[in-house]
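First to last, the protein sequences are chains A and B.
Quick note: the first sequence, position 225, residue 225 per my numbering, numbers continuous.
Just remember that my numbering sits 1000 ahead of the position in the second sequence, which is counted from 1.
No lab work stands behind these hints: they were computed from the structure.
None of these values were measured; they are calculated from a predicted model.
There may be inaccurate statements among the hints.
What the hints assert, rightly or not - To give an idea of the interface, some chain B residues facing chain A are shown, with a C-beta separation under 10 Å as derived from the structure:
no.	residue
1	F1039
2	L1078
3	P1197
Claimed, not checked - Computed, partial: chain A to chain B, Cβ under 7 Å:
no.	residue
4	L8
5	L10
6	R122
7	V129
Backbone N, C-alpha and C define an ideal beta-carbon position, used for all residues, glycine too.
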Amino acid sequence: MIERTPWLNLVTHAILFTGLFILVVPIYLVIVAASQTLPDVMAIPAKLLPGDQLLVNIRAAWEEAAFGTKFTNTMILPTGVVVGKIVIAALTAFGIVFFNHRLRMPIFWMVFITLMLPLEVRIVPTYAVAANALSPFQTILDVTGFSWLINAVSGIEVALEWNLLNSYTGLIMPLVATATGTFLYRQFFLTIPDELVEAAKMDGAGPLRFLWDILIPLSRTNMAALATIMFVVGWNQYLWPLLIITDPSYGVAAVELSRLVPNMNTTGGDIPNWHWAMAGTLIVMLPPVAVVIFMQRWFVRGLINTDK
Amino acid sequence: MRRAYFKNNWIAALVVAPQLLIIFVFFYWPSSQALYWAFTLEQPWGGGNEWVWFENFAYLLSDDRYWQSVRVSTVYALATTALAMGMALILALFADRQLRGYKSFRIGLIWPYAVAAPAIGLAFRFIFNPSAGVASYLNYAFPDFWDPIMNGSHAMTMVIIAGAWKQVSYSFIFFLAGLQSIPRSLTEAAAMDGARPMRRMMDIQLPLLTPTFFFLLVINITDSFTDSFGIVDTMTSGGPARATNLMVYKIYEDGFRGLDYSGAAAQSIILMILVISLTFIQFRYVERRVHYT
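Could you build all of it, start to finish, from the sequences and the hints given here?
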């Protein structure tokens, strides 16, 4: 608008600054603590200006929590989630938008329902599945009598087992098993004009050719949006890795972080190494924040179109 | 509706197969397994599960600790939602005026979304720690003023603030997008009629934001019931004296520490019903009652 509202502009800026202040102050305090020595961190009154120990503390935290391998793992987890999501979501959306078969809507709803229950809610049985990913099939074979049949005919006892605990597959698969990406793709595919499909068919392109040569190149922005969101979500996973990873060589950084500060209730009350813990917090926090800031446009678009 | 389709249904089956397989193994199977466990009880000496109907639920509903967890979760959900959405709404309304510095403000208000829950938890645990940093000074000036390690309601306050901090950005992004989808001609017409910015905010932008508001309300409440584990686990581990023992955390504790699969499954089912009914309300009533332009 073009009206002059000097006072309101002042108020607007004041409100926005206050909001920014509230969001930034905690992180500022983290940075301050991460750059001080332990006595400085514990000093009363608190020292509110950064010290010069930032790099020292970051190195200490890095070694203390063995972040080297943890970071590799923390990269593998979101990368796997991003790739898996993009591939599977694109394929499924393609299958339910460009084909006219009776199962189209049932499949759509089956996928849709997965949006309702987050992993946290069904954590215990999902863990049991991860301990043996083939157990659903084993149970089905047992219940329907097929195990018995196979055993009687061939003498082989059916015992399917595929343990996913302490593996990258186990970390990644359950996070891919939701519908978020599918919907982003479905919405986009629905906007593809019929003429494009007809033209492709007329030129003799089969469905897979159409998918590969036309849809995939057209959906680049979609992919960027989905990738940004899924990277952040994957990087920040906490409960799932905490449960299924007991072998430190598969551990992820977010979980390791909480081990930097011993819990007050379990240790006798030693002074925790807050300066290292805060340096670790900074390290873990930085990559996804950088992704969001640099990929802001795609991030916002992806977030709004997927409902998470 | 689409008119041009591909005919080859085998390919259709092939492309949807991976997703269906994955959601069967990692979604439908576990969810049905939760149902099965909720209605059965594992025999102490092995020998399969015994079907016990609603016994697990009856036990839960007569358990004070469970009700305490429900109460604590409700307080947490309502408080974080109110704080986060209130702050996000005000910030979005003013940010949408797009004065100088709008882009920097927007980035500054969006990035917290990317911070991992355990990182937030740890940061706030340090900030509110009664014996280090800023809070220790308060305690020095006024002895026993603040102690989240021993005092339940202090611990709860701390967890709520961390939870709200985590949620603000998400709501802000949606409010801002909602505001920007309001047709410019409407606000311009109002301006022509002499409505000042505040007046336009109250009479045009806020009412037209109702769909976004209700959408966010449901999402935020659902999120604070289900997605609070990282914060609670890093900040308080459910303590002191279970004062911050939120429902998700209790499921984890009972299931994986207490190895009570049936009890944890029954709690999961109750939480599932809660989440599903919230989603249902969202689709059934809110989307219909609220009028879009």
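Comparing the hints with the structure gives:
1. F1039: violated, 13 Å
2. L1078: violated, 19 Å
3. P1197: holds, 6 Å
4. L8: holds, 6 Å
5. L10: At 10 Å from the nearest chain B Cβ, L10 of chain A fails the 7 Å test, so the hint is violated.
6. R122: This interface hint holds because 5 Å falls under the 7 Å limit.
7. V129: holds, 5 Å
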